[in-house]
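J.: Based on the hints, put chains A and U in the right spot on chain S.
Those protein sequences? They're chains S, A and U, same order as listed.
Numbering-wise (our numbering), the first sequence opens with residue 128 and increments by one.
Numbering-wise (our numbering), the second sequence opens with residue 4 and increments by one.
Numbering-wise (our numbering), the third sequence opens with residue 2 and increments by one.
Hints listed in this document are in silico derivations from the structure and should not be mistaken for laboratory results.
Heads up, a few of these hints could be off.
Short derived list, chain S residues pointing at chain U, Cβ under 8 angstroms [stated by the list, open to error]:
(1) Thr213
(2) Pro214
(3) Gly313
Below are the EDC-like pairs computed for lysine to aspartate or glutamate, each with C-alpha atoms no more than 20 angstroms apart in a straight line [said to hold, decoys possible]:
(4) Lys291(A) x Asp260(S)
(5) Lys142(A) x Glu358(A)
(6) Lys291(A) x Asp410(A)
(7) Lys295(A) x Asp260(S)
(8) Lys317(A) x Asp330(A)
(9) Lys295(A) x Asp405(A)
(10) Lys350(A) x Glu95(A)
(11) Lys382(A) x Asp405(A)
(12) Lys350(A) x Glu113(A)
(13) Lys159(U) x Asp258(S)
(14) Lys140(U) x Glu307(S)
(15) Lys85(A) x Asp314(A)
(16) Lys120(A) x Glu95(A)
(17) Lys291(A) x Asp258(S)
(18) Lys159(U) x Glu34(U)
(19) Lys58(U) x Asp391(S)
(20) Lys295(A) x Asp391(S)
(21) Lys58(U) x Glu307(S)
(22) Lys58(U) x Glu34(U)
(23) Lys206(A) x Asp260(S)
(24) Lys159(U) x Glu127(U)
(25) Lys185(U) x Asp202(U)
(26) Lys417(A) x Asp181(A)
(27) Lys218(U) x Glu9(U)
(28) Lys58(U) x Glu221(S)
(29) Lys428(A) x Asp410(A)
(30) Lys291(A) x Asp405(A)
(31) Lys53(A) x Asp119(A)
(32) Lys350(A) x Asp81(A)
(33) Lys315(A) x Glu347(A)
Quick reminder that beta carbons are idealized off the backbone N, C-alpha and C, glycines included.
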Amino acid sequence: MLDYFLIQSANGIVIGVIYALIATGLTIIFALLKIVNFAHGELYMMGGYFGYYVITLAGVPPLPAVVAAMAISFAFAVAIERGLLTPLYSPGMERKSDYGILITFGLAVFLRNIAIIIFGPFPLRPPSFFDGDLVLGGLIISYDRLVAAGGGLLILVLLIFFLNRTVWGQALNAVSQSRESASIVGINSERMYMFAFGLGGALAGGAGALVAPIYSLSPSMGLVPDTQAFVIVILGGLGSVSGSIIAGILLGLSENLFIAFLPDPNRGPSYANAFGLFIMMLVLLFRPTGIFGRHHAAME
Amino acid sequence: MTGEHTKRGSSGINGKRALPRRDVLALASAGAAATLPVFGRPARAAEPVKLGWVGPLSPPGGYAEGLLMKYASAMAADDINKQGGVLGRPIEILYQDTRGMAAEGTAAAERLCVQDKVAAIFGEFHSSVALAEMEVVHKYNVPFLACDVWSQEVTAKGYPQVFRNSITFPLLDVMIGDWIVAAGFKNAALLCEQDDIGLAWRKGVADVLTAHKTPFQLYTADPQATDFTAQVLRLKANNPPFDLFLVLYGEAGAYPMTRESHSLGFAPTANTALFVSGGEAVDPTFWKNVGKAGLWLICENVGLPKSAWNDKTKAFVAAFNAKYKTDPPGSAMEAYDAVWNLAEAIKNSGSTAPEAIIHGLETLHWVGTRGLYTYSTSKDPAWAYHQYMDAPESILQYNAQDQSSFDAPIVWPKKYATVPYLYKKPTA
Amino acid sequence: MAMPALIETRGLSKHFGGIFAVDRLDFAVNAGELVGLIGPNGSGKTTTINLLTGHLKIDAGQVRLRGERVDGAAASVFAARGVGRTFQITQLFSRMSVIENMLVPGLARAHAEKRVVLGEARKHLEFLGLASLETLQAKNLSGGQQKLLELGRALMLKPEILFLDEPFAGVNPYLRDEIIGFVKTLHEAGRTFVIVDHDLDAIQRLVHRLVVMSRGKKIADGPLAEVRTNPAVITAYSGV
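Extracted from the complex, chain S is given alone in its bound form (with noise of 0.2 angstroms):
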């Protein structure tokens, strides 16, 4: 029983950091452009062929792979909001909001559907980072799990570092606290905004990356994430980057440990995803701004 809970628990925080990867990118967005990003879902959909291309075309192997799809992915985010976003940052846009999710909503479709046509139809699935298993009495990981939770977790360190103790990331923290404030000290916004973008779409790209050897890509892949990545970003609090890595982590855990053990065994595995939104209810029904919300979203 003891093995049995723990290889499930192993499991479940291997799929928890993916998820915080996904989901603090997405807060991320949020908390400096103050749109909800719905193509967030494609953008890691995106960076798993990025990389999967990186490695059959360019030859690169499967781990620096994932670094360069995540550069790729950042180039990628930060094309699209140049291309798309921009009329967010203009005074006189009204419904900043509603044209927030509109254009993130179509640019989803549009991504999904030309993802059909560029990649094919067909899953695809790059080598392996490590073949084979770890096998540590009852707990049996595949490598690839192990080097997706390993360099999730190296990410959402670096990360961290990042936003606290480089100029760049408190200018970040700054421009999600109060944009007027961070413009009459010197930092130029849209920069931010620009790059904010760009940081959240190389996360979810990085993700995609890291576990397309593990559920194979296609182009509708980025339908779930999505989808779990507002419930995390939710629970932990809007905008709030150490809110999404442990609300990420914690519903990648028990979600799994639901599966493991509740007590009806056939229909566990159809309600896992129902189980997080189930959570979160209950998360919001005595903390309505999530686990660390705040009041104002704010990046910390």
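T.: Chains A and U alone, transformed into the frame defined by chain S:
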């Protein structure tokens, strides 16, 4: 007047004139030529016979299979048109993306029936969508030849417009259930998608196993899920242990499920067999996605087994491979044959009117890439009505990595089997 | 040739719909001045500051900083060029501590060294009497303390000119006197100030020159004593 002027057929004072014999012969030849069936001469620029294709081309539908079915349909139209079209008219297919959603299916069928006024509709891939499309074709009395939709409801409803050229769950389930019993499995885990189709499929197999008193457990999973580790672990820990893991999962999730199941040492292993139903195991990127987890995996094939291929099958497979660089799955063959079925029905009945096409299909006796096509008119059982009862189906088990589904050993039914065993336990 | 004004406008205009918030304003501030900008509500004072610090785009006219045109530049560009400001309603990084608020503008400067910036920040906090509150989150400061912190943060830009928008609004008399003291000290050290406020008493204690606006236009500009007795100014304030 000389004979050269007879073509104008000018009349005399009385308005009547006997035609010279040469003219009669000329006219008779022209008339005879006009009545020749036009297979055998290139189609002229006559008004096309419009057929409507429905199927998933984008998410959340099974767009991968839908695309292959669309390719095959286009190939069929080309082939027919190269031979002169039907009734002197070219076939033109109008494609509608139904995205795996019933509401889209309804809208697509409406467009095809009302706006495009097609002579017939064919295709689909998702039973739930076909059930919606059926209501529309029934309302407008447009023949509908359903491909690769397995729910028995499609034909059991008894709509005269509706035909099916693929297998249906009763046929499939009986085959799978019989195989499970014959192969001697003692405890099966059945996992299916949590939707109508998954549940209908599961019921059929469960009924067979119950009748034979073979123990089994039923499980469901979200169709959009991609992580099955928790579930697989739970199954692995089951007591008594399962010796068969039977999965119906029509989505991309089947691949990670297969890999996880293998990676966690559950199935396929010497202790537990893995059967993945639903078509993923014969799709082009199967091996790329599952790698060594696919070795010893069992699945069904709804195309004609290679050993039974006729010239048409060979020609189609070769042409499809040349054009699309991949083997056509059974569903693609169904789509290809469907266009031909409809063309034949139109040709035999001499008309594109709905009743003519329906009659043409009911009386069809034509060999396609999947064998001889006939459609039952019996209503006992209800799903037999307008069903291609001899739809080929077989069970194969891969015994080499990267093996083509065409070359994999067929273990069941006996009439197609290429190996003496029913199931081979994986060797270490 | 005379030195160009530190900041000046010619024909500056801004309208919102049909209303001219600022209407063809000519206004210049020379280095070392301490100017008061007053006027009844709705006269366009805050809009003028917003235009002169890059927070609003001008509709017509020019803005020159040390003779160089800067109209159309972003607020961050003005800030980087030594134009500091405070807001009517204080704008701080509420989740950051006092010292972190101070460090942001310092570190945003090119080639900034954290040790040096930290030293500067602490010096300013000491000057403003906020040194003991260094680690407190900005949102937990009192209203008056927040105003001082905003001033301190503006000082971190090493500004040549500071626009203070209603620094005395809602402060108690003791703090008001403190702020007056700070401004005088900073002015004596060489900084230029433009102060907008309704507290005429405080303004008169500080400034040498007074500019009066009414309905978007400048109606008086000159030494304190002169402007005080200007009939147009009296009319504007009495509403007649």
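J.: Please go over all the hints and tell whether each is borne out by the structure.
T.: Status of each hint after checking the structure:
Checking Thr213(S) against chain U: minimum C-beta separation of about 13 angstroms lies over 8 angstroms; hint violated. Of the supplied interface hints, the one on Pro214(S) is violated, with its beta-carbon coming no nearer than about 15 angstroms to a beta-carbon of chain U, more than 8 angstroms. At about 4 angstroms, the closest approach between the beta carbon of Gly313(S) and any beta carbon in chain U falls short of 8 angstroms, and the interface hint on this residue holds. Annotation: proposed proximity of Lys291(A) to Asp260(S) holds, straight-line Cα distance about 19 angstroms (limit 20 angstroms).
A hinted pair counts as satisfied when its Cα atoms are at most 20 angstroms apart, and Lys142(A) with Glu358(A) qualifies at roughly 14 angstroms. Only pairs whose Cα atoms come within 20 angstroms are accepted, and Lys291(A) paired with Asp410(A) is accepted, the gap being roughly 17 angstroms. Proposed proximity of Lys295(A) and Asp260(S) is supported: the alpha carbons are some 13 angstroms apart, at most 20 angstroms. Between Lys317(A) and Asp330(A) the CA atoms are separated by roughly 11 angstroms; this keeps the pair inside 20 angstroms, and the hint holds.
Pair hint Lys295(A) plus Asp405(A) holds up; C-alpha atoms about 9 angstroms apart against a cutoff of 20 angstroms. Distance hint between Lys350(A) and Glu95(A) is fulfilled; the C-alpha atoms sit about 15 angstroms from each other, no more than 20 angstroms. Straight-line distance between C-alpha atoms of Lys382(A) and Asp405(A) comes to about 43 angstroms, which puts the hinted pair past the 20 angstroms bound. The suggested pairing of Lys350(A) with Glu113(A) is violated, with an alpha-carbon distance near 26 angstroms, which exceeds 20 angstroms.
For the hint pairing Lys159(U) with Asp258(S), the CA-to-CA distance comes to about 58 angstroms; that exceeds 20 angstroms, so the pair is violated. For the suggested pair Lys140(U) and Glu307(S), the alpha carbons sit about 16 angstroms apart, so the restraint of at most 20 angstroms is met. Restraint check: the Cα-Cα separation between Lys85(A) and Asp314(A) comes to about 18 angstroms, which is no more than 20 angstroms; the hinted pair holds. Taking the CA atoms of Lys120(A) and Glu95(A), the gap is near 12 angstroms; set against the 20 angstroms cutoff, the hint holds.
Only pairs whose Cα atoms come within 20 angstroms are accepted, and Lys291(A) paired with Asp258(S) is accepted, the gap being roughly 14 angstroms. The straight-line distance between the Cα atoms of Lys159(U) and Glu34(U) is roughly 17 angstroms, inside the 20 angstroms bound, and the hint therefore holds. A hinted pair counts as satisfied when its Cα atoms are at most 20 angstroms apart, and Lys58(U) with Asp391(S) does not qualify at roughly 64 angstroms. Between the alpha carbons of Lys295(A) and Asp391(S) the distance comes to roughly 32 angstroms, so the proposed pair goes past 20 angstroms and is violated.
Taking the CA atoms of Lys58(U) and Glu307(S), the gap is about 15 angstroms. The hint holds against a cut of 20 angstroms. A hinted pair counts as satisfied when its Cα atoms are at most 20 angstroms apart, and Lys58(U) with Glu34(U) does not qualify at roughly 25 angstroms. Of the supplied pair hints, the one linking Lys206(A) and Asp260(S) is violated, its CA atoms being roughly 35 angstroms apart against a limit of 20 angstroms. For the proposed pair Lys159(U) and Glu127(U), the alpha carbon gap of about 16 angstroms is at most 20 angstroms, so the pair holds.
Between Lys185(U) and Asp202(U), the direct Cα distance comes to roughly 15 angstroms. Compliance with the 20 angstroms bound is thereby established for this hinted pair. Proximity of Lys417(A) to Asp181(A) is assessed by CA-CA distance (about 11 angstroms); at most 20 angstroms being required, the pair is judged to hold. A C-alpha spacing of about 15 angstroms is found between Lys218(U) and Glu9(U), which places the hinted pair at or below 20 angstroms, so the restraint holds. Under the criterion of a C-alpha separation no larger than 20 angstroms, the hint pairing Lys58(U) with Glu221(S) is consistent with the structure, at around 17 angstroms.
Straight-line distance between C-alpha atoms of Lys428(A) and Asp410(A) comes to about 19 angstroms, which keeps the hinted pair within the 20 angstroms bound. In summary, the hint linking Lys291(A) to Asp405(A) is supported, as the alpha carbons are separated by about 8 angstroms, within the 20 angstroms threshold. The suggested pairing of Lys53(A) with Asp119(A) holds, with an alpha-carbon distance near 8 angstroms, which does not exceed 20 angstroms. Distance restraint check for Lys350(A) and Asp81(A): the Cα-Cα separation of roughly 17 angstroms lies within the 20 angstroms cut-off, and the hinted pair is therefore satisfied.
In summary, the hint linking Lys315(A) to Glu347(A) is supported, as the alpha carbons are separated by about 15 angstroms, within the 20 angstroms threshold.
Violated hints, listed in ascending order, are 1, 2, 11, 12, 13, 19, 20, 22 and 23; each of the other numbered hints is respected by the structure.
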